[in-house]
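J.: Residue numbers (this note's numbering), protein chains in the order written: chain W, -18 to 169; chain S, 246 to 440.
Source of the hints: derived by calculation from the structure; they are not laboratory data.
Any given hint could turn out to be false.
Simulated pairs of lysine-lysine, DSS-like, Cα-Cα distance not exceeding 27 angstroms [claimed, not checked]:
(1) W:Lys81 to S:Lys299
(2) W:Lys143 to S:Lys376
(3) W:Lys163 to S:Lys305
(4) W:Lys128 to S:Lys376
(5) W:Lys132 to S:Lys362
(6) S:Lys393 to W:Lys132
(7) S:Lys413 to W:Lys81
(8) W:Lys128 to S:Lys305
(9) S:Lys329 to W:Lys(-12)
(10) W:Lys163 to S:Lys393
(11) S:Lys376 to S:Lys299
(12) S:Lys413 to W:Lys128
(13) W:Lys143 to S:Lys305
(14) W:Lys128 to S:Lys329
(15) S:Lys414 to W:Lys143
(16) S:Lys303 to W:Lys81
(17) W:Lys132 to S:Lys379
(18) S:Lys393 to W:Lys143
(19) W:Lys163 to S:Lys362
(20) W:Lys132 to S:Lys413
(21) W:Lys81 to S:Lys362
(22) S:Lys379 to W:Lys143
(23) W:Lys(-12) to W:Lys143
(24) S:Lys393 to W:Lys81
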Amino acid sequence: MKISVEKLVANRANAQKSTGPLASEGKLRSAKNSAKHGLSVSLASASTASSDSPPVNVHLTPEFHSYAQELINSGYSHDQSHALAEALFSSRQVIEAKHKAYTDRLNEDRLGNISIEAVGEFVREFDHPGSGVTQAERRAVVALLAKQVTKDNNLPGLLYEKFEAHRTLMRYEQRAFNQLRKISQMKK
Amino acid sequence: MTASKDIKLPQQASYSELPEYIEHVNNIVASYDSPVGVLGELVRQVADSIWWVKTYQKDKDHLIVMRMANCLVDRRDFLVGLEKTSLRVFEALFKSWSGEIIEPEDQAYLDSALRSKGYNLASVRAEAVRKTIKELEVIDRLIERQFKNMRLLMQAYESVRFAPQLLKKMSLEITQLEQRVEQSYEDQRREVSRQ
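The following block holds chain S by itself, in its conformation from the complex (with noise of 0.2 angstroms):
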């Protein structure tokens, strides 16, 4: 890695070049009426933050699930092949855990593996979250941070969306006030001129 990043003209570029993330900032970007300029870049950067919470929690449960597997799986007794195995225990842990179909034999093969180690599914899980909890606290802090990212860019937006009235308030506001004082000044010479 160097010095610095290289800089991407905000215009034309694209944080990642996956298909499913220009899909999800476009997505954005037109419920937001499709800003563009200043306005549009700070949309594009709250939908990246709204990715990463996304991102965050589907990688945050595969964590667990990796840690599961790694509870069923000793590494002794697979040392050729491991990951593989690891890999195995993995789907059928994710997709039994997910609801979704297995296989009968990758069923049986996930069954005895609980029971060779004393587990059932629950317990499995609760195993995995206990040996992952540092791990898992720092993911919060991170979707959490993403959860500030936003709020803090969405109150840039409304100053930079709300700068023109603003500012026309701030000028009528000025006005009102130098008509007060040449108003007073005004009273002041009547006031003299009467005396």
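Next up, chain W with everything else stripped away, as it sits in the complex (with noise of 0.2 angstroms):
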């Protein structure tokens, strides 16, 4: 099922009365909402996805360990090795976000398709008398709904998404490949 239109105003009207996070652990989560993917952040200091795990440092994996190892024996230097082992991690990393970001939008945070005069039926209908709204600010909100409608059933825009948070990650691959290659040149 989309999301009516009723239910993504109520939505945003009760996160209006929200004060946000008191208590230092939500706003040490919501610090974090922005975040996206993380391939910015190092591996040393990286941390798992959810907050409610412990951080992971790759440098303590038993893999991290094996594949140094394995580099070591094969000629690589110590820290040539570690260096190699962690860009493999990383590319790893560009990867999976690479995974995660290519999926379809859910139905549940589409707007249904919709006219723009039912949707300014909606709006007239929710706003109450007194509510000081002027009618320049009603229009702004039945645009923006209505801008919304059409984005959230285009079904081409809905596939092109998709390949837009690929593009986004595009600088990330090119760093974490290009450093892949660079490391695993031996050193004379």
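Given two chains presented individually in distinct reference frames, assemble the corresponding complex, making use of the accompanying hints.
T.: Here it is as structure tokens:
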């Protein structure tokens, strides 16, 4: 089921009443709200996706040591082996971010396909006398919702959103794979 | 989304749980004589890039056909059930374009939609490509990126694979250099003692 305009507006209105997090734990969690994939964070300090689980330092994982040891046995120096194992984990992180990003938007996150007149009608109904909302403000809300309705029901647009998500990850891909190749060259 | 990803352990992780993805990766790894450890991980990453090239190409075609359907379905005509109508046109167009067998009633529906808008199959595709050109450029850049990733990964693979040989060669060169230096010292000593 797609979300209705009524529900969307009610959610937004209720959100306005929110005081935001008060406890330090909540503040810490909400500080991560705008973080998207964590690919800018160095692996040594990277934490896991879930805020409930403890941070994982890749240097402490058995696989990291196994890769580093394998590279040392192949003749790489200790530092280069560690740097290469880290680069391998970084490129893996980018790949995982790509798989997570390339997903269809859920119907619950989309507005239903309704006409602009119906949106206008609803906004008028939602408004109560004495709210002080001006005609211009109401028009702006209707325009915003109508734009969202169009966007949410444009099938090629919805498909393209996935490509767009990957486009934003491209610079991380470029950096990770270049780094991997560079570090893998054995230093004389 | 949060600050960072859950780091899966490489030896057990698969980037996607899709059976076709797993099969694709396993086939590629097998074609490289199933390497393990660092080389295995590098081959899995190459396989992932190949997977994305295929996915992008498939979805690029879908995007064009969806845009073709949009050219034929007028939003104002089908306010209710627009998505259903679009999908029906999409399926008919997709089958028609890829040479699949199309039901007679779907064919008739498609023909009437094309006629009413004054298009034929080729012209509606040209129009769709024209309208999607910016998006297609981005997709082409993404595909190109995957090829670059593959090249970089293959270079890393070669470096790691031939590292032991390179190390042997380097040690040999160092030993030869040392011997040469040693020889020159010896020659100097002999020269001095002769004088």
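J.: Please go over all the hints and tell whether each is borne out by the structure.
T.: Each hint, compared with the structure:
Distance check on the hinted pair: Lys81 of chain W and Lys299 of chain S sit about 17 angstroms apart at the alpha-carbon level, within 27 angstroms; holds. Restraint check: the Cα-Cα separation between Lys143 of chain W and Lys376 of chain S comes to about 18 angstroms, which is no more than 27 angstroms; the hinted pair holds. At roughly 32 angstroms between alpha-carbon atoms, Lys163 of chain W and Lys305 of chain S are farther apart than 27 angstroms, so this suggested pair is violated. Restraint check for Lys128 of chain W and Lys376 of chain S: satisfied, since their Cα atoms lie roughly 19 angstroms apart, inside the 27 angstroms limit.
Between the alpha carbons of Lys132 of chain W and Lys362 of chain S the distance comes to roughly 23 angstroms, so the proposed pair stays at or under 27 angstroms and holds. With a C-alpha separation of about 33 angstroms, the suggested pairing of Lys393 of chain S with Lys132 of chain W is violated against the 27 angstroms cut-off. Taken as a hint, the Lys413 of chain S and Lys81 of chain W pair is broken in the structure, with Cα atoms around 43 angstroms apart against an allowance of 27 angstroms. Between Lys128 of chain W and Lys305 of chain S the CA atoms are separated by roughly 25 angstroms; this keeps the pair inside 27 angstroms, and the hint holds.
The straight-line distance between the Cα atoms of Lys329 of chain S and Lys(-12) of chain W is roughly 24 angstroms, inside the 27 angstroms bound, and the hint therefore holds. With a CA separation close to 14 angstroms, the supplied pair Lys163 of chain W and Lys393 of chain S stays within the 27 angstroms bound. Taking the CA atoms of Lys376 of chain S and Lys299 of chain S, the gap is about 23 angstroms. The hint holds against a cut of 27 angstroms. Distance restraint check for Lys413 of chain S and Lys128 of chain W: the Cα-Cα separation of roughly 66 angstroms exceeds the 27 angstroms cut-off, and the hinted pair is therefore not satisfied.
Pair hint Lys143 of chain W plus Lys305 of chain S holds up; C-alpha atoms about 11 angstroms apart against a cutoff of 27 angstroms. Straight-line distance between C-alpha atoms of Lys128 of chain W and Lys329 of chain S comes to about 20 angstroms, which keeps the hinted pair within the 27 angstroms bound. Note on Lys414 of chain S and Lys143 of chain W: the hinted pairing is violated, with a Cα-Cα distance of about 48 angstroms set against a maximum of 27 angstroms. About 18 angstroms separates the Cα atoms of Lys303 of chain S and Lys81 of chain W, which keeps this hinted pair within 27 angstroms; it holds.
Our distance criterion of 27 angstroms between C-alpha atoms is met by Lys132 of chain W and Lys379 of chain S, whose separation comes to about 17 angstroms. Pair hint Lys393 of chain S plus Lys143 of chain W holds up; C-alpha atoms about 21 angstroms apart against a cutoff of 27 angstroms. Annotation: proposed proximity of Lys163 of chain W to Lys362 of chain S is violated, straight-line Cα distance about 55 angstroms (limit 27 angstroms). As the CA atoms of Lys132 of chain W and Lys413 of chain S are separated by approximately 61 angstroms, the hinted pair breaks the 27 angstroms bound.
Proposed proximity of Lys81 of chain W and Lys362 of chain S is contradicted: the alpha carbons are some 39 angstroms apart, above 27 angstroms. Annotation: proposed proximity of Lys379 of chain S to Lys143 of chain W holds, straight-line Cα distance about 15 angstroms (limit 27 angstroms). Pair hint Lys(-12) of chain W plus Lys143 of chain W holds up; C-alpha atoms about 26 angstroms apart against a cutoff of 27 angstroms. As the CA atoms of Lys393 of chain S and Lys81 of chain W are separated by approximately 21 angstroms, the hinted pair is consistent with the 27 angstroms bound.
Hints 3, 6, 7, 12, 15, 19, 20, 21 from the earlier list are contradicted by this structure; the remaining hints agree with it.
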